[in-house]
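Residue numbers (my numbering), protein chains in the order written: chain P, 1 to 769; chain B, 1001 to 1769.
Just so you know, the hints here were simulated from the structure itself, not pulled from any lab data. Glycine included, C-beta positions come from ideal geometry on N, C-alpha and C. Careful, some of the hints might be misleading.
[What the hints assert, rightly or not] Which residues of chain B face chain P? A few of them, derived with a C-beta cut under 8 Å, are:
hint : residue
1    : E1178
2    : N1180
3    : E1181
4    : N1266
5    : T1269
6    : T1292
7    : G1293
8    : L1324
9    : D1332
10   : P1445
11   : H1447
12   : F1449
[Claimed, not checked] Label-pair restraints from in silico Cβ distances:
hint : chain 1 : residue 1 : chain 2 : residue 2 : range
13   : P       : E64       : B       : E1496     : 55 to 65 Å
14   : P       : N184      : B       : Y1417     : 27 to 37 Å
15   : P       : E67       : B       : Y1417     : 52 to 62 Å
16   : P       : T401      : B       : T1025     : 40 to 50 Å
17   : P       : Y622      : B       : E1761     : 51 to 61 Å
18   : P       : N184      : B       : L1355     : 28 to 38 Å
19   : P       : N184      : B       : E1499     : 33 to 43 Å
20   : B       : T1145     : P       : T401      : 19 to 29 Å
21   : P       : E120      : B       : N1696     : 42 to 52 Å
22   : P       : A422      : B       : N1598     : 27 to 37 Å
23   : B       : N1762     : P       : K766      : 24 to 34 Å
24   : P       : A422      : B       : E1076     : 26 to 36 Å
25   : P       : H447      : B       : T1025     : 46 to 56 Å
26   : P       : S110      : B       : E1761     : 28 to 38 Å
[What the hints assert, rightly or not] To list a few chain P residues with every Cβ distance to chain B over 12 Å, as calculated:
hint : residue
27   : S213
28   : G265
29   : E282
30   : K596
Number of protein chains: 2
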Amino acid sequence: MTRLVTLLCFLFIIGACGEKTNLNTKTVSTPQELEEAIKNVQAGDNIVMANGIWKDIQIRFIGEGTEDKPITIKAETPGKVFIEGVSDLKFGGEYLVVDGLHFRNGYSRSEAVLEFRIDENTIANHCTITNCVIEDFNKMHRDDTDLWVQFWGRHNTLSNSYIAGKTNRGPTIRVDLEGNESINNYHQIINNHFGPRPPKGGASGETIQIGNSFSSMSPSYTRVANNLFEECNGEVEIISSKTNFNEFRNNVFYKSEGSLVTRHGNYCTIDGNYFIGDGKNENIGGIRIINTGHWVTNNYFYNIKGKNFRSALAVMNGIPKSPLNRYNQVTDVVVAYNTYINCESPWQFGVGQNLSQEDVLPSSEIRSARPIRTIVANNVIYNEKGDALPIIEHDKADGVTFKSNAINNQGVDIKPYDGLKAVNFDIKEIGENILIPSSKIAIEPYHGFEFENISKDLVSNSRSENNSIGAFTNTDFKDPNILDRSKYGPSWYSSETEEKEPKTVVVATAENLQFKLNEAENGDIISLEAGNYDIPQSLIINKKLTIQSSDKSKVTLNYSGAENSPLFQLQPKGFLNLKNVTLKGNNSQYTFASLKENMFTHFGLTVSDCDISDFNYVLKVYKESFAERITFENTSISNCENGLELSEETNDLGDYNTEYLTINNCKFNNVKSNLIDYYRGGYDESTIGGNLLVTNSTFTNCGSEEKNGILINSHGIVNVDISNNTFNNNPVKLVALLWGAKNNSHKNNEINNSGEIRVEENLEMKLMY
Amino acid sequence: MTRLVTLLCFLFIIGACGEKTNLNTKTVSTPQELEEAIKNVQAGDNIVMANGIWKDIQIRFIGEGTEDKPITIKAETPGKVFIEGVSDLKFGGEYLVVDGLHFRNGYSRSEAVLEFRIDENTIANHCTITNCVIEDFNKMHRDDTDLWVQFWGRHNTLSNSYIAGKTNRGPTIRVDLEGNESINNYHQIINNHFGPRPPKGGASGETIQIGNSFSSMSPSYTRVANNLFEECNGEVEIISSKTNFNEFRNNVFYKSEGSLVTRHGNYCTIDGNYFIGDGKNENIGGIRIINTGHWVTNNYFYNIKGKNFRSALAVMNGIPKSPLNRYNQVTDVVVAYNTYINCESPWQFGVGQNLSQEDVLPSSEIRSARPIRTIVANNVIYNEKGDALPIIEHDKADGVTFKSNAINNQGVDIKPYDGLKAVNFDIKEIGENILIPSSKIAIEPYHGFEFENISKDLVSNSRSENNSIGAFTNTDFKDPNILDRSKYGPSWYSSETEEKEPKTVVVATAENLQFKLNEAENGDIISLEAGNYDIPQSLIINKKLTIQSSDKSKVTLNYSGAENSPLFQLQPKGFLNLKNVTLKGNNSQYTFASLKENMFTHFGLTVSDCDISDFNYVLKVYKESFAERITFENTSISNCENGLELSEETNDLGDYNTEYLTINNCKFNNVKSNLIDYYRGGYDESTIGGNLLVTNSTFTNCGSEEKNGILINSHGIVNVDISNNTFNNNPVKLVALLWGAKNNSHKNNEINNSGEIRVEENLEMKLMY
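So here's chain P without its partners, still in its complex pose:
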C-alpha cells in the first residue's frame, strides 16, 4: 500500500511537472519557432531561446501577461544567446520580460535596438528587460540616429544589464513621452552597468535622455537608481533629464566625462549619488541645474575637476522668457547635505551667462536671468589644497541663500559668504574614493521648507537624530564598495577583461606584412626588420596594433598603391600606433585614411618618430569617422600636397572628427595646402568639443597653395592651443584664426614671413536649433 501511494505520488509529480513544462515553457531554436511561440503565448508562459547565435532577427514580443503571470523570453543559458546582424526587439502588451540576451556584432535597422512599443497603437506597459548585454551595436554611419533602449508606455523596466560602446548619434537610452499613454510612466532604470561610451564628437551622445523639450511639460516620474556609469563620455550630458518629477538616486558616476543635467523639466530629485573623478580630467563633471524645483541632496563628489558647465555643481543662468527649447531660469532649487572632496571650484552659479555676446546673438539666446529662490544648505566642502575660488559667480548669486555650509580650505581665504563657514576638520578614507570628515562638524543643520523629507543620508542612516551637515551623518560606516562591478549589470557577465601580454611579430618582407597584420591579435606589435618595403595596396588596420622598427632610417615603406588610396586604411576599431618608420608615396596617394563610409565605430592613430613624404594627403578623415585621439609626435612631414584633413562634418550640427588632434615636436616642410584643417560647425554652447594642440613644431614653406590663406584651420573647435612653434616663410595671410570667446590660445610662437595669428572674439556660426 505504501509503495502504491509512493508510486501514485511520483506519477502525480511527474504529471504535474510535465504539464507545467508543456504548458508554460517552450524552447525555440529558430526565428520561425520564436515567432510561432509568441503568436500563441499566454499569461504565465516562458519562451526559451536555445543557446547560439541568432542572426538578423526582428523580435516582436506581443502578449498579455499579468502581474502574477508574466510572459518571459529567456536565454537557455544567460549569456549564451547572442543576437547579431540586423536585429531588434520590440515589446507590445503587458507584463512581458526579456531575460539574458547578448546583443553584439550587429545593429538595428529601426530606430531602436530594444523598444517598448511595436507601433503607436501597440505600446508596452509593465514590461522588463533584464540581465542583458548590448555591446557595440552601432549603425554603420555615425549620423544614422538610433537608440539602444527606447521607452514608451508606463511602468517599464531596464535592469541589471550591461550596455556599452555606442558611438553613433542618439542617446543610448531614451524615455519618450509623446502621447498620454507614456506620461506618468514610473519607468525604472536600475542596477545597470553603463560601460564606456566614447566621446561622440558632437551632440546627441547622452547615455540617458528622458523626454525632450517638446514633452518637457509632461510628468514623467522616471526612476534611475543604483546604476554604475563608467566612462560614459559620449557628450557633456551623461543624463539629460528633460521632463518633470524624475528621480536619480544612488547612482555612481565613475570617471565619466559629462554631467547629470536637468536640461528641461522641473522638480527632479537627485539624491545619494556618487560623482567620482580622477583629479585631473577636466571633462569629468557633476550636476548641472537648469529650471525649477529640483532637490539635489545627499550627493558625494570626489576629485571632480570639471569647470563651468562641467563643475561639480553648475547652476545656470536662464534666458528671460526662454523659448521652449532653450534655458529657463533656475528657481526654487534646493542643494542640501552634499559633500565635495577635492573638487576644483565645486560651486558655480550663473553658468552660461553670456551678456558679452549680446551684440552677436539674438536676445532669445542671452542667458541673463540669475537663479532665484535657491537654497544651498548643509553642504560640506573639503580641499586638501586650498582653493582660492571654491565658489565662482559667473553672474551674481544674489538669488541664492546659503545656510549652514562648511568649508575646510586649509586656511586659504575666500570671498566671505553668509552661510558658508570655514571649519578646520580632518578627513579619513573609509574605502576606495570615499573620504569623509573624521569627526562631526559642529554646525547645526539648517531646517528649510520640507527639509524633513531629506530623512536619510547617503548610506541610509536616519537624519532624524544626530543629524549633521554633509552627505554622511556618521563618521564611521562600512565602505559602500561603490565600484564593486558585481552589484551592477548581469550576473553572468563581466566587462573586466584580463590584460593580455602583447605578442611581438617580426616581419621582414612586404608580402608578409598584410598577412601578419591580419593574423595579429588586438594589442600585438609588428616589428619591422630593416629594409625597403614596397607596398602595392593599402594595409588594413582593424584592431589595435603597433607597427614599429628600431631605426627609421633603415625601414622605409614605399607605397605604390592607387591614386587617392591610403597606405594605411584605418577601419572601425583600428587603432594604429606607428613608430620609427619612413613612409614615402608618389604624391598622389594618402598616408592614412579612414573608410569612406561604414565607420560604425571609432579608430585611433598615433604616429611618432616617423618621416613622411610625397603624399597627396597625409591624413584624410572622412565624414562620420571619429577618433578619440590622433597624435603626431617627433615626426617630419614634407613635400605633400595636403596635410591633415578633418573637415567633412559640414552639416553644421556640431559634429567633428576627433576629440584630440595633437601635433607635438613635428616638422612640416612644403605642405602646400590644408596643412591642418579641423572643422566643427553649428553654434551649440553646451557642447564643449574639439581639442587642437600644436606645440613645439616647425612649419616651413607651407601653405603655398592654400586657397583660404590660413595655415592652420580650426573653425569652430572649442579648445585650441598653439604654442612654442616656429613658422618660417609660409606664404599665407594668417597662421591661424582663433575664436576668442572660447578656449583658444596661442603663445611663444616665432613667426617669420608667415602672416600672423589673429584672434576674433566672436565667430559667426549657424544656430543649431
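Fit chain B to the given chain P structure using the hints.
The following block gives chain B in isolation, referenced to the frame of chain P:
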C-alpha cells in the same frame, strides 16, 4: 443632599460654560481689541467682531490652529460687520477661518484685500475665507493693480462668498505659486458667487488667475468648483489657468463675456461646467485651449455666440518653440462627452493662426503649430437653425482625431468629418437654459485611452452602464437649477436688488438743479422745465440719473463755468442719460468730462436729441477713467474746438477708455480737431477690445485744425464700423485710417471733398510683453 448635588452640578456647568466662553470666544469692538485678541489667540479660539462699521483696519490674522481646533474670526452677525475705508486682511499660520465679513466702500492700500500670507516668511496653510462679501473695493486708480483675494501657501479655501464690481487692474482672485511653499497647493475656490465684473477696457481683468507664465511649470492642483460666474466681463479670460493639474468642475458661467482659458500650464481638468450665453452677445465665450494634456469633459454649452478666441471650444495654434510667456502648441488634449446647443460655430481649431502676419511680426509671434494628438470624441452638437460652419479650421485640424460625435444641423450640409455624424434627434427643455436630446442618440461612445476615468456625466450619473455620448447620459432628470443663487455665495446675502420705480423730479431753476441732483436717488429722472439755465459751475453726476426736457428748443443750459471745466462732471458710478436739451458754452470749457483722477469705478454717458455748441471739448475722458458705453444719438455738435477725446491711455498696455463708443444719426459741424479720438496702444492679440460705431451721421467743415490730418482717429481699436455717413468739406487727408487685420470696416459713406478712408492691413504697434 439632592439639592446640594443639583447646586454643585449647576455651579460646575456654569463654571464650564464660563470657562469655555472666556477661553474660546472673545468679542471685540475696536481694532485694538482685535489686534490684542489675535496676539493671544490659541488653537480652538473664536474671535467675534462686533456688528458695525470697521474703518481703515489692517487685520493681520496670525495664529496656529489645528484641523480639529481651528481659530476663527467671525462677524457677530454675518453681514452686519462692514469693513470699509483703507482696509485689508492677511493670514499667517495654520487653520484660520474668517467668516461673515462684508468689505465695501473702501480699498486696500496693499497689493491685496485678502491675502493668504503676511509676508514671504509668514504664509498661510489650511486657512479659509467663507461667507464673506467683497463689493466695489477698488483702488482709486484703474492702473493701480491689486487683487481681492491672493492665494499663497497650501490648502487654503475661498468658499460661499459673493465678490463683485472690480474695475481696476488685476485679477479678482489670484493664486500665486512662487516658492516651494505654494506649489501643490490644493486650494479650493468653491461655492462662490462671482457677480458682475464690468469690462476693464484692456488686459488684466480676469476673475480668477492661477499662476503666471513664470510659475507655469509648477504643479498647482487648485480646484475651482461649484461657483456661479455671472456677468464676469472684465476681459477675454474669465479664468486664466496658468499652472498644472488645476480642476474646474461644475461651475456655471452665466452671461459672462469671456472664456475659461488654459493660458499656460498643462493637464487641467475642465469637467461638468455650464456655459450659458444669451444667444446674441458675441463676447460670451466658452473654453479656450492652449498647451498640453487638458481634459475637457461633460461640459454643457448653450446659446454661446462667441467667435474665434471666444468660441464655445477654441483650440489654439501654438508658436513653435514658444517663448515661456507666449503660446505653446496644443498636444494630447481630450475633448469628450460635451454638449453644444445652439452655439454658433462651436468648434474652432487653429485659433490665433496668424501666418499672414509673418512680415510684420517677429517669428516668435507666429502661431503656426497646429494642435496634435488631440481627440474630440463623444460630443453632441444641436442647432435649432442649421449652421453652415459648425467647425471652423483657422488652420488644418489634421492633428485632431474625431470619434463618435453627433450633430443635428437640421439637414444643412457641412464639410464631412470622419467621426462626426449627422443625426436627426429632437431636444427638450428640462429646466431654464437646459436643453437635452429627448432620446438616446444611437452612436456607440468611443473608448479612448483612460476614458474609463470619465466615470460620471454632468449630473453625476454613472457612465459605466447605459453610457451615451454628450454631457448627459439620461434623457430624463431633474432640472439642476443652475441659476438658483441661493446655492452660491453667503447664505445671508442676496445680490438681487428690487427694481425701484424711478422718481421724476421737476426742476425749473439753475439754482435748484445741482441741489436736486444731489438729492436724487439712483435711477431718478430730473425733468427740466422750459427756460434758459445759467450754470456757473460743473454739475456733479455720481449716480445713475436721467436729465431731460420735453422740448430741447425750449431748454438751454448755458455754461459759464471756468475754462477747461466741464458742464457735466462724470464721477465714479455717475451714469448720465441726457435727453432733449441744448447745451452752450463759451468755447473754453468742456461739455462732459470724467474726473482727472480717482475714477475708481466706471461712469457712463448717453446723449440723445441734444444740441451742443461752443465748447472747447465736447467730451474729455481722462486717463484711467472707463465707461462701458458712451453714446451720442440724434444730436448735433457744432462750433467746438475739439470733439470726443478718449486718447490718454498712452502707456500702450492695451488699455482704452470705453468699451463702446457709439455715434448714431448725429451732425458734426465745425469741430476743429480731435473730432473723434479713441486710442488703444500695445499689441495684444488676445484682448479683443474697443468698439467704435459711427453711423448715419453727417460731418461738415470739421477737422480744419487737425494736426495729424485724420478726422476719425481709432488707433488700435479692434472693432470699428463706419457706415452710412456723409462727409462734406472736411479739410483732412483721411476721414479714417482703419486696421484691416482686425474687425474694422466701412461702407456706404458719401465722401465729398474730405480725403478718403484708408485701410491698412497691419498696424505697427508696440509688443506688450
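Checked hints:
no. : hint                         : in the structure
1   : E1178                        : 7 Å, holds
2   : N1180                        : 5 Å, holds
3   : E1181                        : 6 Å, holds
4   : N1266                        : 5 Å, holds
5   : T1269                        : 13 Å, violated
6   : T1292                        : 5 Å, holds
7   : G1293                        : 7 Å, holds
8   : L1324                        : 5 Å, holds
9   : D1332                        : 5 Å, holds
10  : P1445                        : 18 Å, violated
11  : H1447                        : 14 Å, violated
12  : F1449                        : 6 Å, holds
13  : P:E64 - B:E1496: 55 to 65 Å  : 60 Å, holds
14  : P:N184 - B:Y1417: 27 to 37 Å : 31 Å, holds
15  : P:E67 - B:Y1417: 52 to 62 Å  : 40 Å, violated
16  : P:T401 - B:T1025: 40 to 50 Å : 41 Å, holds
17  : P:Y622 - B:E1761: 51 to 61 Å : 52 Å, holds
18  : P:N184 - B:L1355: 28 to 38 Å : 35 Å, holds
19  : P:N184 - B:E1499: 33 to 43 Å : 54 Å, violated
20  : B:T1145 - P:T401: 19 to 29 Å : 28 Å, holds
21  : P:E120 - B:N1696: 42 to 52 Å : 60 Å, violated
22  : P:A422 - B:N1598: 27 to 37 Å : 58 Å, violated
23  : B:N1762 - P:K766: 24 to 34 Å : 30 Å, holds
24  : P:A422 - B:E1076: 26 to 36 Å : 60 Å, violated
25  : P:H447 - B:T1025: 46 to 56 Å : 35 Å, violated
26  : P:S110 - B:E1761: 28 to 38 Å : 49 Å, violated
27  : S213                         : 7 Å, violated
28  : G265                         : 8 Å, violated
29  : E282                         : 32 Å, holds
30  : K596                         : 36 Å, holds
Against the hints set out earlier in the document, violations occur for numbers 5, 10, 11, 15, 19, 21, 22, 24, 25, 26, 27 and 28.
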